[in-house]
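Novice: Here the protein sequences line up with chains A and B, keeping their order. Mapping the first sequence onto this note's numbering, position 159 (from 1) lands on 159, and the numbers just tick up by one. Mapping the second sequence onto this note's numbering, position 139 (from 1) lands on 139, and the numbers just tick up by one.
Simulated from the structure, these hints should not be mistaken for laboratory data. Errors might be hidden in some of the hints.
Each pair may be met inside one copy or between any two copies, as identical chains are not told apart.
[Claimed, not checked] Derived DMTMM-like pairs: lysine to aspartate or glutamate, alpha-carbon spacing no greater than 20 Å straight-line:
no., residue 1, residue 2
1, K187, E126
2, K139, E47
3, K139, D57
4, K139, E54
5, K139, D92
6, K16, D58
It should be emphasised that the depicted structure is a prediction, and the values quoted were computed from it without experimental measurement.
Given next are the chains, with one letter for each unit.
Protein chains: 2
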Amino acid sequence: MRYRIDGLQYANWSEKVFRQMREGGVDAVHVTIAYHENFRETVLNIEAWNRWFERFDDLIFHGQWAEDVEKARETGRTAIFFGFQNPSPIEDDIGLVEVLHKLGARFMQLSYNNQSLLATGCYEAEDPGITRMGKQVIKEMNRVGMVIDMSHSSDRSTLEAIELSQRPIAITHANPHRWAPALRNKKDDVIRALGESGGMLGFSLYPHHLKGKSDCSLESFCQMIADTAEMVGPDRLGIGSDLCQDQPDSVVEWMRSGRWTKEVDFGEGSAAAPGFPPMPQWFRDNRDFGNLEAGLLQVGFDRDEVDGILGMNWHRFFAQSFGPAG
Amino acid sequence: MRYRIDGLQYANWSEKVFRQMREGGVDAVHVTIAYHENFRETVLNIEAWNRWFERFDDLIFHGQWAEDVEKARETGRTAIFFGFQNPSPIEDDIGLVEVLHKLGARFMQLSYNNQSLLATGCYEAEDPGITRMGKQVIKEMNRVGMVIDMSHSSDRSTLEAIELSQRPIAITHANPHRWAPALRNKKDDVIRALGESGGMLGFSLYPHHLKGKSDCSLESFCQMIADTAEMVGPDRLGIGSDLCQDQPDSVVEWMRSGRWTKEVDFGEGSAAAPGFPPMPQWFRDNRDFGNLEAGLLQVGFDRDEVDGILGMNWHRFFAQSFGPAG
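Sequences are here, hints too, so could you generate the full structure?
Specialist: Below, the structure written as structure tokens:
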């Protein structure tokens, strides 16, 4: 079997996007349903997804377990798995971890770009590591089966999360810092610790994470994956495209500035280029997973390795991560 | 098989109560988790239950489906099913029906004693019937598999709910009005319409619903059940004990007055007797289902009918009610 799974998207969801998932043969997508939302606001986002599931039930459905990826393939649909880019949905209430897991949340970042109640974001000047509440929440996420995602966290917090977590964690969308030195990309020691602990790294197609940004070549992207496989083996790797298709620039501003500042934070952008940069021409949207497949074969991965990176590794990780601790 | 199921309890939950459920051989209980709580407060109550499920996992677990009654029997525990006595947990947001069903809610009263956004309570002077939102929510509850419970609603609203609902509804805890003419008890036309539509009536042991209140005899109670079986057959009947064990009087005050009045509403009590009346001596708590069994056999029910009334009828109803509309 060759399941195709994308480890992170945050599109401006529409029938068009869902149809493109089907065109691209994408069996499952981890979608972001909260950036800065509190619990009640997150529930409103779940309600909006429930309406999409009702309306487009021939294209998508709510994925909760690894077996839903298989069900997606069998029924010709895409399974949508929920995740948060910030722990704001649990507010200061550890009991909300189980409640939100029941509602389908399967990934939660312990921080976005800033300090959270749990961990430190990659844009902070100081990283004091995992907080008191963070340690408790890691245990609770381990217990119920919610994946710790450190994509936007800084190094010390990430290394401590890997160490503290009894179950493998994920960095759903980031690339190696030595290939593209964005603040969001990950240093080699983090990638090695992640791989050794059985965690997963999803490679990002967001231009600010790419070498050469929008002009990055498919070959350079795939060679970077090959180089990472040299470090941690091909089984720890997946795609987390970070596709933000059809979003207006106001949404990138919400992602970056939420409600935490009255000033504009440009994040990985700048005053001169505040919006979403164009995607590389070889990965416009869900229809272009075939290009990644060709590119990965081209740089020397074998068929099984390519299948692993394009979905089977996430599928295995889903199977070991989403249920209660054994 | 002889499953024992109680169609409604609201005890001051404790290890003692859970152990008494086991002593009484009670396989499943529908418990009230909200009277006047809004959505966020209801979630806090679910969190409290989650802690009990963790702490007493040798005695109880969260029941979601009819098969969980079977699992309860197999594992020697009691399955706890959630319900609301008021629609306050969905606020004015129909999307919360599906969200709360996902969190385990399986019964919701369309009103408590007062007018709600959906229907009219039995203490109102006028009953204009099911509201515009009520009609929408009935459809949504039918779709996801949440049972409409009209225990505290008034007659017209109840008859309209029976008519509007595409799936059988329940009156989880009430008795015939002609036997004990409390405002909360149900007129014959309501009981007949309920039975003819495939709905369930759970008989209440709350003294204010009994003929002679706390002094009601087991024989009178069981004969009342036999008389009701004459009207609608024995398959539509169960127990909904309304057991409010170990609750302080402040809780009965909360049930009745919530936040809707600054005055004291005595509900079924009075200024002279504002608290919980003592239970009849033959049904003190979960340990006394055996007395009901003996009493029902005594008034002439056969073995299968007694098993039906003490649990199998609820089990069948759970199986046809809790999943999505077929």
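Novice: Which earlier hints can't be squared with this structure?
Specialist: none
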